[in-house]
Amino acid sequence: MATSSEPALIHARGLTKRFGAFTAVDAVDFDVAPGESFGFLGPNGAGKTSTVRMIGCVSPVTEGVLTVLGLDPAADSSRIKSRIGVVPQQDTLDMELTVRENLVIYGRYFDLSRREAGRRADELLEFVQLGERAKSQVEPLSGGMKRRLTIARSLINEPSLLLLDEPTTGLDPQARHLLWDRLYRLKQRGVTLVLTTHFMDEAEQLCDRLVVMDKAKIVAVGSPRELIEQYSTREVLELRFPADAAPTDGSIFDGVASRVEQLPDRVLLYADDGEAAAVVLHERGVRPETSLVRRSSLEDVFLRLTGRSLIE
Amino acid sequence: MTSLSTIAPAYQPGTRAARLIERNVMVYRRTWIMLVSGFFEPVFYLLAIGFGIGGLVGPILLPSGEHVSYAVFVAPGLLASSAMNGAIYDSTFNIFFKLRYAKTYDAMLSTPMAVTDVAVGEIAWALIRGTMYAVGFLVAMAFLGLIKSPLIVFAIPGAMLIGFAFAAVGMAATTWVRRWTDFDWIFVVTLPLFLFSATFYPITVYPEPLRTFVSLTPLTQGVELLRSLALGTVGPDILVHIAYLLVMGLVGLVVVDRRLARLLLK
Ligand SMILES: Nc1ncnc2c1ncn2[C@@H]1O[C@H](COP(=O)(O)OP(=O)(O)O)[C@@H](O)[C@H]1O
Ligand SMILES: [Mg+2]
Numbered sequence: 001m002a003t004s005s006e007p008a009l010i011h012a013r014g015l016t017k018r019f020g021a022f023t024a025v026d027a028v029d030f031d032v033a034p035g036e037s038f039g040f041l042g043p044n045g046a047g048k049t050s051t052v053r054m055i056g057c058v059s060p061v062t063e064g065v066l067t068v069l070g071l072d073p074a075a076d077s078s079r080i081k082s083r084i085g086v087v088p089q090q091d092t093l094d095m096e097l098t099v100r101e102n103l104v105i106y107g108r109y110f111d112l113s114r115r116e117a118g119r120r121a122d123e124l125l126e127f128v129q130l131g132e133r134a135k136s137q138v139e140p141l142s143g144g145m146k147r148r149l150t151i152a153r154s155l156i157n158e159p160s161l162l163l164l165d166e167p168t169t170g171l172d173p174q175a176r177h178l179l180w181d182r183l184y185r186l187k188q189r190g191v192t193l194v195l196t197t198h199f200m201d202e203a204e205q206l207c208d209r210l211v212v213m214d215k216a217k218i219v220a221v222g223s224p225r226e227l228i229e230q231y232s233t234r235e236v237l238e239l240r241f242p243a244d245a246a247p248t249d250g251s252i253f254d255g256v257a258s259r260v261e262q263l264p265d266r267v268l269l270y271a272d273d274g275e276a277a278a279v280v281l282h283e284r285g286v287r288p289e290t291s292l293v294r295r296s297s298l299e300d301v302f303l304r305l306t307g308r309s310l311i312e
Numbered sequence: 313m314t315s316l317s318t319i320a321p322a323y324q325p326g327t328r329a330a331r332l333i334e335r336n337v338m339v340y341r342r343t344w345i346m347l348v349s350g351f352f353e354p355v356f357y358l359l360a361i362g363f364g365i366g367g368l369v370g371p372i373l374l375p376s377g378e379h380v381s382y383a384v385f386v387a388p389g390l391l392a393s394s395a396m397n398g399a400i401y402d403s404t405f406n407i408f409f410k411l412r413y414a415k416t417y418d419a420m421l422s423t424p425m426a427v428t429d430v431a432v433g434e435i436a437w438a439l440i441r442g443t444m445y446a447v448g449f450l451v452a453m454a455f456l457g458l459i460k461s462p463l464i465v466f467a468i469p470g471a472m473l474i475g476f477a478f479a480a481v482g483m484a485a486t487t488w489v490r491r492w493t494d495f496d497w498i499f500v501v502t503l504p505l506f507l508f509s510a511t512f513y514p515i516t517v518y519p520e521p522l523r524t525f526v527s528l529t530p531l532t533q534g535v536e537l538l539r540s541l542a543l544g545t546v547g548p549d550i551l552v553h554i555a556y557l558l559v560m561g562l563v564g565l566v567v568v569d570r571r572l573a574r575l576l577l578k
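Protein chains in written order, with our numbering: chain V, 1 to 312; chain P, 313 to 578.
None of these hints come from the bench; they were simulated from the model. A portion of the hints provided could be inaccurate.
What the hints assert, rightly or not - Restricting the straight-line Cα-Cα distance to at most 20 Å, the calculated cross-link-like pairs of lysine to aspartate or glutamate (EDC-like) are: (1) V:K187 to V:E123; (2) V:K217 to V:E63; (3) V:K135 to V:D122; (4) V:K135 to V:E116; (5) V:K215 to V:D29; (6) V:K135 to V:E123; (7) V:K187 to V:E204; (8) P:K578 to V:D26; (9) V:K215 to V:E238; (10) P:K415 to P:D549; (11) P:K415 to V:D26; (12) V:K135 to P:E334; (13) P:K578 to V:D72; (14) V:K215 to V:D26; (15) V:K146 to P:D418; (16) V:K215 to V:D91; (17) P:K578 to V:E63; (18) P:K578 to P:D418; (19) V:K187 to V:E158; (20) P:K578 to V:E116; (21) V:K217 to V:D26; (22) P:K415 to V:E139; (23) P:K415 to P:E334; (24) V:K187 to V:D201.
In this text the structure is predicted, and so the values were computed from the model without any measurement.
Extracted from the complex, chain P is given alone in its bound form (with noise of 0.2 Å):
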């Protein structure tokens, strides 16, 4: 018996979080096509929006005083909500599914596997699914002649940032979730944020409150971070947009932790 501490070392929650990130690339390997429709989705936006109706728009004058085509002005914005409704896809849904009825966890739960890491993993792998579309929208931006800054490349990490921030917020919310009806209260939320963000019109269209009540919203505070970056308009206030996220991200994640262990260890 006392030797029984030699065969199994000490252990780190959160270590093991790659294993779930394991399983479900062993799932999506049958089922890769949901990973190409993650990349299509904001392609086609910005056709669409970008081009259809940036061709109506005409140019864009930004606060430089300099001015850019409604399809360079947009894609960032297009980025930023479409890394937004990964997340929030990911971590919802799906996570129910697993939660409430394949009950996934449970059956890691009774191996040397945390709710941590439970937690880790699925946000990780959100953010993993997240970085791939980031990457095949920048592809696809410089195809089509968007690319304006050098320091879009730091958008990349910009969308991880984003979608953790909303994947964490969003698994969260999701271990309230009792039934599939109340997904759409996620809705009621995610809808209005993907519209009225700033995402498609500069934000100074709002007057007074509003602008501010916009501007502390989370998906503003992503695509003002992503724009600054793809537009080179870069000040300080983007320490500020990486702050709010992360800090979004990170509170998201500690509930998330706590709501799996009153959920699955009763």
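Just chain V, with the same shape it has in the complex (with noise of 0.2 Å):
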């Protein structure tokens, strides 16, 4: 996606990351084009974070080739900073101060002037619907809250990229969606987002293109659409038995599917047709207690390329 009319935003080539022995980071490539919005998903230890981390110019590159705004972190991190919004995995917000309060230190620190500072604080709060809590202190607000406002304070330097580490972790589904939202305007301003996640709903909502991270390593590269059709089938043939009835002779399924992936609870079968190798599996008197036919998704990418769920 990145041309060379439009050089990449990041650009990382045999980066890694270790912390003494242990590599957390293992030699990846990949590049962020102008006003996408890139993701990072994998389980938990798989390295987004130290990755994330690296790009925002807190944590000193071990080895290869990191440029961000075509800058080198280790040299000019305080520019690259300047020009970024970061949205922490743990919240870091000022608990000292007030919900407005946070914003206006924080667009202190980029160098705005107090006006500046309150005008934006202003605005930002309405952006997040937190008006209404502009003198509150921070620690009596919800989960969803203290992220919007975590949002709203990476937002106060008007960054032209934006890191969100698991911006959803940890949110209702409700608090999850306004945040959805929120993130989708911020992309159709233009704002490019790097976001990592373990869910791959997220994945599908929010990014353009994303890897596939597991175990330190990049294993797979693509939009949502092509890692599907790549990795998976069409549609997957979901089925769950009662404890005991589990077929114990997995050959009974020989034919049906292009793959089978027989998991403690359930079996699930790829095959662009679902619905046809239910049939052809009925007629052969496979009886399982629940049925289901559904498109394949991120989740069926990752346990095709790693054997694993992404959430254990």
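Fit the two chains together into the complex; they arrive one by one in their own frames, and the hints show the way.
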């Protein structure tokens, strides 16, 4: 996606992060183009946070090449940081200040005048629907509100690049949808989003392109659709069996699906026509407790690539 | 992309330290009572020890052969030790909380602020508070009629120097603190400094070699500095005291800078 006319906003080659002898990010390559929404999808411990922290200039690169906005984080961290917004995995809101003060002082860290910081703070509080809580302390806010405040804070410098580390982890579905909606609006305004997540629905909703990360390595790159097309079938037939009635002999599924995954609680049959596969199995005398045909998701891609589920 | 260098000017670490002070002022606007306690503590000591105990002690003989009241003698010692205590207080508990729990500095480092801004800003903040207390203490001394030499106005920068030295070293020590109980170690050091640094009596009460040892401890350097200014007995050794405290503060600052980078930029 990064073409020569549009240089990459983030460029990584052989990017490596080690903590002592432990390798958290192992020689990964990726490019993020201006305006795109780019995701790192992977389970806990995959190395997503370590990668994003290097991009955010708060973690030195151990090895490899990394440029952000065309600059080197080792030499130009303050310049890079002045142009990006960061939503860290754990909220780092200032508990000793009010909601609005959190935004104003953050603006001051970016050298905004007090007036400008105040103006943007009010505008952003409206954007994340926290206008009424401006004078409130931060502590009593709900998890979703704190997250929204953190997002507002990350926008105070009008960044062209926004880094979001697990923006919705720990939030209830309603809070997540509100957050997704705000992120979608930012994307429409042309802000480049880089986000990490271990939710495949979040990745599907928000990312134009993503990399699948597992055990410090990138195992696949593409748009959600490309990844599903490349690594999965159109549909999946999910069968659940009563505890003692699961078929012991897997050969009963032979020829019905292009791939079969026997999970502890269910069997996944990958086929372009799930309904047809179900019919064939019924003829063979297979009697599951429940049978469901659904479209393939990134979860299936991950299972295929790593042999494990995204969320254990 | 090439225009980016024109958007964000080149940046000198340390220059945004003022932003951190601004943040602390925002916080203290609401908790100003803490500032009041910092002023009263040494004044209460002065009343209790300078006048209370001082009434029992009688005048003190200075090396110059002159006699001064005990309150006049002990006041600069109390100013020096409160500069130490205030600096230690500001640079230990508060910093530990922000560093390990509140993640205040992690948030700052995601902005153009750098580690050096945090180190310089926090130490400067401790200094600003210490200066306010020192001024308040001198005003109290004036009201109590304890001013002996006009040189005492230099006790304000002197107290700042003591504050700088202890704030920097205290903050450096705090970067190694892992749990709240570790702070007991800091008091294992500062309490004897407070009690035995010739704060309450002339250093001449110690026999050699104890006297030399005590004279080499940091608060004794500070006490001697302020006392010579307060009593107008300034000699060349004042330069030694100044250099000692200055080096102590600068070493502390360098250590803080390195340690914060290690802890925050992992
Ligand atoms: N500061 C650190 N010191 C040592 N190991 C770390 C540190 N930070 C992360 N790790 C390890 O690196 C691996 C990747 O962590 P992380 O980047 O946080 O993964 P993710 O964000 O994908 O969950 C994990 O095994 C984690 O324990
Ligand atoms: Mg993470």
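- Are there hints from earlier that the structure breaks, and if so, what are their numbers? Hints 9, 10, 11, 16, 20 not satisfied by this model.
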